[in-house]
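For the record, the sequence lines run as chains G and A. Take 405 as the starting number for the first sequence in our numbering and just add one per residue. Take 405 as the starting number for the second sequence in our numbering and just add one per residue.
Some hints could be false.
Computed cross-link-like contacts, PhoX-like style, restricted to lysine-lysine with a CA-CA straight-line distance of at most 25 Å [claimed, not checked]:
no., chain 1, residue 1, chain 2, residue 2
1, A, 656, G, 561
2, A, 561, G, 656
3, G, 565, A, 561
4, A, 409, G, 493
5, A, 704, G, 589
6, G, 561, A, 561
7, G, 409, A, 637
8, A, 539, G, 539
9, G, 669, A, 669
10, G, 817, G, 856
11, G, 656, A, 669
12, A, 418, G, 565
13, A, 685, A, 656
14, G, 656, A, 565
15, A, 993, A, 966
16, A, 589, G, 704
17, G, 589, A, 637
18, A, 891, G, 539
19, A, 539, G, 418
20, A, 565, A, 539
21, A, 561, G, 418
22, A, 589, G, 561
23, G, 1002, G, 966
24, A, 637, A, 669
25, G, 539, A, 966
26, A, 856, G, 561
27, A, 418, G, 418
28, G, 856, A, 589
29, G, 602, G, 474
30, A, 669, A, 656
31, G, 418, A, 493
32, G, 474, A, 704
33, G, 704, A, 418
34, G, 565, A, 656
35, A, 493, A, 539
36, G, 493, G, 539
37, A, 565, G, 418
38, G, 589, G, 637
39, A, 685, G, 409
40, A, 656, G, 418
If you are wondering where the hints come from, they were derived from the structure by calculation, not from laboratory data.
There are 2 protein chains.
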Amino acid sequence: MPPSKTLAQQLAAKQREISVAEFFERNRQILGFDNPLRALLTTVKEGVDNSLDACEEAQQLPDILVEVTKEGVDRLRVAVEDNGPGILKREIPNVFGRLLYGSRFHANRQSRGQQGIGISAAVLYAGLTTARPAKVTSKVEEEEAAHVVELLIDTQKNLPKVVSEDLLLWDRPHGTRIELLLKAKYQRGRQSPFDYLKGTAIVNPHARFTLVEPDGTRITYERASTEVPPVPKEVAPHPYGLELGELAYRLKAATRPLLLECLQKDLAGVSPRAAREVLSKAGLSSTTRAADLHGEDLEKLLTALHSVALVAPSAESLSAIGPMLIKRGLRNVLGDVRPEFYAPPVSRPPKVRGGFPFLVEVGLVYGGALPADQPVQLLRFANRVPLLFQQGACAITTAVQNLDWRRYGLDQKGGQGMPGGPCLILVHVASTKIPFTSEAKEAVAEDPELDKELTLALQAAARHLRTHISRRTRREFASEKFAIILKILPKLAEKTSALVHKPVPDLTPVITRIMDVVSVDTTVASEAGGIRARTEVTNYTPRARVLEVFVEMPCELVPKAKYAQTPEGTDAELGRAWWTLEKLPPSGKASIEVSFPKGTEVEASDLSWYIAGVDEAHLLGAEPLPGDWDVRLPRAVIEAAEAGLEPLPGTEEAEVDYDAAEGSARVEDDES
Amino acid sequence: MPPSKTLAQQLAAKQREISVAEFFERNRQILGFDNPLRALLTTVKEGVDNSLDACEEAQQLPDILVEVTKEGVDRLRVAVEDNGPGILKREIPNVFGRLLYGSRFHANRQSRGQQGIGISAAVLYAGLTTARPAKVTSKVEEEEAAHVVELLIDTQKNLPKVVSEDLLLWDRPHGTRIELLLKAKYQRGRQSPFDYLKGTAIVNPHARFTLVEPDGTRITYERASTEVPPVPKEVAPHPYGLELGELAYRLKAATRPLLLECLQKDLAGVSPRAAREVLSKAGLSSTTRAADLHGEDLEKLLTALHSVALVAPSAESLSAIGPMLIKRGLRNVLGDVRPEFYAPPVSRPPKVRGGFPFLVEVGLVYGGALPADQPVQLLRFANRVPLLFQQGACAITTAVQNLDWRRYGLDQKGGQGMPGGPCLILVHVASTKIPFTSEAKEAVAEDPELDKELTLALQAAARHLRTHISRRTRREFASEKFAIILKILPKLAEKTSALVHKPVPDLTPVITRIMDVVSVDTTVASEAGGIRARTEVTNYTPRARVLEVFVEMPCELVPKAKYAQTPEGTDAELGRAWWTLEKLPPSGKASIEVSFPKGTEVEASDLSWYIAGVDEAHLLGAEPLPGDWDVRLPRAVIEAAEAGLEPLPGTEEAEVDYDAAEGSARVEDDES
């Protein structure tokens, strides 16, 4: 450098632009290519996400093939093939050979790929590690042949470099296949393509996946549903959480000249009335033009938008998994674990953060063969994509760790950190824009709005868990009590009777009085003729009871159900049926049976049994009727009916005490 | 959309380029702007990092001012000002108003900002949240006036949009000031600018920082050293860990035509001999031209490069903190905690990952007022920048958590996870390219090479901790033993003597024989005349000893030290002095004193005392001489000297047993 240049000039001479491809080539760990194992997973993931998105847009049942073959010591050839709509030849180079290029970034609706980085990042990594081009084969329906394009990325320019082009007669009517040679490592187990596809299948039951492993093993995840989820609708951003800069941009790009109209059309949730209220609060006239708004007026407008009541964000742009599929998916992944308890899945209503709607869903499973002495298993999903890495950096994990699980019956040191116990938690966050912590899309960033929803959803699931655990504990305690009573009381009675030279009295009333519960046993058995679900109710309370039994099942099962006892009523829409057990005497038993024809997909956890007519403290083995259900018989009717029944002799006064004592032990609710 | 368009065409029509600024505006959490607290810290951090880098390049002692003032409910005005070389007017818009633009990305040497994103990200965020331009004032030495430029970022183009330009007569000869108005929140405590500057001061003792808080409080972190660290040298990438794609790029951009020369000049660590060996292994002739290399030849070349012995990477491109400054820095941050133990800081030699050299440094502190019932405090640094967020996602944290700290004396459940105890660990990773997990540069990504170095450095520090803890335990055990002996033995002797009607015997030899240690007490006291460090040696072993006492101190203290007892020798370069205590009889005491004039910066932990002439098992309160030091008196001389001394009557045979018994209790080393 000539000495005449000053230091500032020397420094200025070194300044230059950095291409985004160059940047990511140097920082490939940010894209999820830190090491050979993760590189493979990221490549498969980006390919499959693209395929699923493409099929969804075409409303096509996805049929996706992932092939991994070994080449040399440390290299794998990875191919991902789909039956999507295909890509026009002229778009292939840009879609696969350019970072920050895509169709979904500007669309305000839920999709897997949103950043326009994913698959080109894999092409970049392949080029970096093996210097081999990506081979893309794609056919669109309207053309005869498929196009085969081989390409690399020119990292200094972030532009595709096409190496070769060809035509191919492909047996698919339409679809896309990408093939890459990269430095990578295949290994089954946690964080493997095997695991990833399993997780993807849970939340995408309409897709079929085939995985061919390097040793030739072929695994197919069959579709469990033939219904394509609807394409989430594109919606305008909602004003809640919108920043000033974003608002200014939206108004500049608005489709109508008048601000009053813009507010209604280019933003979501603003009714004509609300739009006028906003303008008046901001001190703006109804003839203000959107493009004219600057500085302070803009700020006043935003303040007004945030202070006026608006319509809640719509869920149309989101694609929730839904309680039924969460349960199905969990059952699918849990296989032989046979958990003792599936909490009713929680699906929160959509909220908004930074203008983007989002929603949270939680599934929770407990017991069975799940390991009791290990941390709870956490399955994280974002927009129906499993998140396998960076668990420690994820807001979902933080929300789980910050909940005091001791209150819900799990082990947790100091009420903080990952709880322990035979429990698995599934959390799904769906949003038109997931705030990922990095371009690798493996962890969701912390956000107060999101955290609130995560916490509420987790709490709701945890409350079900607590009820289950405390019920189980009570039941265990009751059976223990029962066993002791049955062992000691007769001996005691025998000895005392012998002492006073009287005959041994009948102990049944005493035993029943001490137990004081209505016990419910439910079973589901596969039999020759089909599946039989049965619930047996035993009245171990000291007086006769009028009880109502309710069953709830997925609506699709209702037409198939056959009842041994004609129900008093059914509700096909809500999937419910109910019966009244009249005059069940102390120690009396009654049962209800529902059967389904052979081949019906039904499991114990599909049927929920509820009992009305006895309070929670005196009910074992079933749930009391949820608070938001209609009790078929008003309390007065039950009381009148029960009034005519003889109580067990010598139990009248004791019952009050038991009620009071047990009542105080009832669990408290944590939400006000 | 006209219905004549096919689905593939419709999808193609939606494809477009995404500007990098637009991408980050939507994904600002990736840049560290998730919430108002973090947004403030990231802004301050990016400003200060830039200032430090600029001053370092100009070899200027940095003087950095950070001003935070409140404006409105949720906005802060943040200004960062430095005395760096300033920026040429024509470069100001690009440096501050364009993402992925900078001078340090392509330079292969250690710096804080490497990505060309940092400060423009803050400008982007300010624009997004307040729609206000950034105000940059900069003056270069050769110009009379400073330039004031106000600018925004055009996110759709990722280009600066200059709003206004002006000239200013500034009192600084040169420097830069940036002012931003953004949605942010000020709060002291963890992850605050206050904390960040404190952390930065630890590892940048040559810089002065002034922080003006929103309430007007002015905090100055004075510089502790006036030595500017040298600018790390730019080096060529090292072949270890270099990928094929990177190698191809390097050869294409090579400065010489011949491959043989390229290997030596455009790569680091390849000697002429190694270059020839590489060519022969790769089956290439010495006349091969670098630009001609393709496909298989390229692969063979890389394989050969990875198989030939090369010169280790140089540390010239790295700027380690160094043991002395780590200790100083820790002492500075620990303030009143007064830990009982500072482990000698560990500075590992540089290694290479992916062609980039890196090194790991670890400091460890134990005891004092550090909380004993909480997790260990971890201070993470990367290229002299404190990392305050994303601790859970950082490879440094993982390395700490994966070490079995139970072996080193700390609590740790199951030998995994964050250990607990009164301990603080500082870890610094320096590299020409830190693999951050995201553009927010808050966590280091996992990497096998890095993990290995982290583990080795942590183990080395942990071994010092273990030695300290086991020594302390032994000492505590010994004092307990001493107390019991002094209480019981005299009583026993008294009663027995009374029983046999004999006078009570002198118990000293028995007590000494049971204790069998050389005990060392060191103190540092501030007195009127200065600081006096004193070590007192008591021989509680049953025979007279010839002992050597060594003291080690930072070299800069050597000229100031005054010795009460003339040392037998000193080594100014190593900061050592030593004495021989001849013929210290059983129960005999001797002391050594070193004093420093008033105002000298010296603490107990600056002086390390070592004793030779007694093995570790019989030494309490001081360290035995480290293995790599020269023992001044050969063992034979000591033995000869000791042979002439009278042993304590009646102790000859017992000593052998004690030696054997204590020797077996010595701690084992975990490195082979």
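The hints, checked one at a time:
no.	hint	in the structure
1	656/A x 561/G	holds (15 Å)
2	561/A x 656/G	holds (15 Å)
3	565/G x 561/A	holds (23 Å)
4	409/A x 493/G	holds (15 Å)
5	704/A x 589/G	holds (21 Å)
6	561/G x 561/A	holds (16 Å)
7	409/G x 637/A	holds (20 Å)
8	539/A x 539/G	violated (48 Å)
9	669/G x 669/A	violated (62 Å)
10	817/G x 856/G	holds (23 Å)
11	656/G x 669/A	violated (53 Å)
12	418/A x 565/G	holds (22 Å)
13	685/A x 656/A	holds (21 Å)
14	656/G x 565/A	holds (16 Å)
15	993/A x 966/A	holds (21 Å)
16	589/A x 704/G	holds (21 Å)
17	589/G x 637/A	violated (36 Å)
18	891/A x 539/G	violated (87 Å)
19	539/A x 418/G	holds (23 Å)
20	565/A x 539/A	holds (12 Å)
21	561/A x 418/G	holds (23 Å)
22	589/A x 561/G	violated (39 Å)
23	1002/G x 966/G	holds (12 Å)
24	637/A x 669/A	holds (15 Å)
25	539/G x 966/A	violated (77 Å)
26	856/A x 561/G	violated (36 Å)
27	418/A x 418/G	violated (38 Å)
28	856/G x 589/A	holds (20 Å)
29	602/G x 474/G	holds (22 Å)
30	669/A x 656/A	holds (13 Å)
31	418/G x 493/A	holds (15 Å)
32	474/G x 704/A	holds (19 Å)
33	704/G x 418/A	violated (34 Å)
34	565/G x 656/A	holds (16 Å)
35	493/A x 539/A	holds (13 Å)
36	493/G x 539/G	holds (13 Å)
37	565/A x 418/G	holds (22 Å)
38	589/G x 637/G	violated (39 Å)
39	685/A x 409/G	violated (45 Å)
40	656/A x 418/G	holds (20 Å)
When the structure is compared with the earlier hints, violations turn up for hints 8, 9, 11, 17, 18, 22, 25, 26, 27, 33, 38 and 39 and for no others.
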